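Enquirer: Residue numbers (our numbering), protein chains in the order written: chain A, 1203 to 1471; chain B, 1203 to 1471.
Source of the hints: derived by calculation from the structure; they are not laboratory data.
As the structure is a prediction and not an experimental result, all values here were calculated from the model.
One thing to keep in mind: the hints can contain errors.
Same chains, same label: a pair holds when it works inside one copy or across any pair of copies.
[Said to hold, decoys possible] Cut-off 25 Å, straight-line C-alpha distance, at most; resulting in silico cross-link-like pairs (BS3-like, lysine-lysine):
no., residue 1, residue 2
1, Lys1268, Lys1306
2, Lys1221, Lys1268
3, Lys1268, Lys1423
4, Lys1221, Lys1354
5, Lys1221, Lys1306
6, Lys1448, Lys1268
7, Lys1423, Lys1354
8, Lys1221, Lys1423
9, Lys1268, Lys1354
10, Lys1423, Lys1306
11, Lys1221, Lys1323
12, Lys1268, Lys1323
13, Lys1221, Lys1447
14, Lys1354, Lys1448
15, Lys1448, Lys1423
Protein chains: 2
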Amino acid sequence: MQQAIAILDSGVGGLTVAKEVMRQLPQEKIIYFGDTARTPYGPRSPLEVIQFTHQIVDYLLQFQPKMIVIACNTATAVALDEIRARLSIPVVGVIHPGARAAIKTTRNGMIGVIGTEGTIKSSAYELALRQISPHIQVVSQSCPQLVPLVEKGLFRTNETQLVVEQTLRNLTDVPMDCLILGCTHYPFLTEAISTVMGPNVTLISSADETAREISTILYHKGMLATSNSIPVHQFFCSGDPYMFKKIAQSWLNEETRVTPVVWQVPHII
Amino acid sequence: MQQAIAILDSGVGGLTVAKEVMRQLPQEKIIYFGDTARTPYGPRSPLEVIQFTHQIVDYLLQFQPKMIVIACNTATAVALDEIRARLSIPVVGVIHPGARAAIKTTRNGMIGVIGTEGTIKSSAYELALRQISPHIQVVSQSCPQLVPLVEKGLFRTNETQLVVEQTLRNLTDVPMDCLILGCTHYPFLTEAISTVMGPNVTLISSADETAREISTILYHKGMLATSNSIPVHQFFCSGDPYMFKKIAQSWLNEETRVTPVVWQVPHII
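Extracted from the complex, chain A is given alone in its bound form (with noise of 0.2 Å):
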């Protein structure tokens, strides 16, 4: 099928997710939205969160994707379901893709979880992981501080590691033998994370695995991409577009092609 893969995400966080669909699946046309103008989802309401995904899908459904994926995973925690019943094609969130790696890679059953503030507050960890295997030992712990970093490119700067430093402290005793990205920003600060946590704690990105399960379901659907010829992918983004093509730029290691959409002002009825 030459249709594309929807990705969606609050800002650039879903280029981690995006970057491994091309590495993985190259033969796959993408079509990315990034909210940077809302960015970040994780202070938000959980309502706020899920009328934003749906404004974004509508967006998204004008150019027939065969698929969406919600490579944030805010808006997979309170928005999923919703839109999954909403729509025929597949829809792909970023939590369990995650927790199955942390289940196939963990030997102590013990598993850390960083996210959002909203992401853990719904606890869609624990729940996607004891859906799985009741008896897993999962940690779990928000950063606020980590998607303002990425959004503003800071990802190797002196600064970042204090802040990655501070905010994982907690952690550092925690006998965990691996720890979920849990926010498709955190790949960005991967290097800064791994100084922290040590040798001993494998980091699961929650985007590689989703990547990985975005090649199972178009396999077993019978939809993966039948081309040979290089596609050619599409971004769009509601803020700065500048910023986002500077960051897709450096992290995708390719040009880049962003379309800027300013949200409408609503009409006062």
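Based on the hints, put chain B in the right spot on chain A.
Expert: For chain B alone, kept in the frame of chain A given last:
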């Protein structure tokens, strides 16, 4: 859903899948069939392997499983499509999960595959890998001597190490960064294979990866087990139940109930 997952193999190899299903999906009940009377499948004709696979599936259907797992690469290579077309329940093979994991793992784009003669002759891994990622380089080798060693329970003997060394000698100079264990018997020999291939080659177990994809598919179809009670697994084999039980208990590290099944001599018409 409380129905079992049915797993079949030419012998004890599929126990590597069963063990990972038990670990990654501890609530799921397993019904296992090992066709130890007719192992190995590797040197058999595709027609014969297809016929055997249909027979075992027929046997397993009496238990009304919710999913069939063809935990044998040789049978997956030649019979998966037929079995899938015939049944309304999900049918999972072991080749695509390994292929997807290798694509996720490789950084240099060169992947090795070892398997039985039947699997390697079918080019099933090359096809699966290139369907997803056309420019992947694949180096394959059949290893007909390995399955008989495993079926005899010889996992860590000097003889085994020697045979593995001789078998893989040609592959050690190939600059691959991962090697797919394209036979579910091979994880029994992980130590020996790893010693020969060295630390720079990541071994991909099609067994481990298949367990994870079983988890993915059951979740997306809403078919995960919901009971918290510990499932009681059932094992059937067509050959010597004592050797099967010995290997199963040692590999699974738990008491195993094995029921022997004797294939009937066909009526002459």
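Enquirer: It remains to establish, for every hint, whether it holds in the given structure.
Expert: Do the hints match the structure? See the list:
no., hint, in the structure
1, Lys1268 - Lys1306, "between (29 Å within a copy, 22 Å between copies)"
2, Lys1221 - Lys1268, "within (18 Å within a copy, 35 Å between copies)"
3, Lys1268 - Lys1423, "both (11 Å within a copy, 18 Å between copies)"
4, Lys1221 - Lys1354, "within (19 Å within a copy, 45 Å between copies)"
5, Lys1221 - Lys1306, "both (23 Å within a copy, 12 Å between copies)"
6, Lys1448 - Lys1268, "neither (28 Å within a copy, 49 Å between copies)"
7, Lys1423 - Lys1354, "neither (38 Å within a copy, 39 Å between copies)"
8, Lys1221 - Lys1423, "within (22 Å within a copy, 27 Å between copies)"
9, Lys1268 - Lys1354, "neither (32 Å within a copy, 48 Å between copies)"
10, Lys1423 - Lys1306, "both (24 Å within a copy, 20 Å between copies)"
11, Lys1221 - Lys1323, "neither (28 Å within a copy, 34 Å between copies)"
12, Lys1268 - Lys1323, "neither (31 Å within a copy, 34 Å between copies)"
13, Lys1221 - Lys1447, "within (14 Å within a copy, 46 Å between copies)"
14, Lys1354 - Lys1448, "within (10 Å within a copy, 59 Å between copies)"
15, Lys1448 - Lys1423, "neither (35 Å within a copy, 39 Å between copies)"
Checked against the numbered hints listed earlier, the structure breaks hints 6, 7, 9, 11, 12, 15; every other hint is satisfied.
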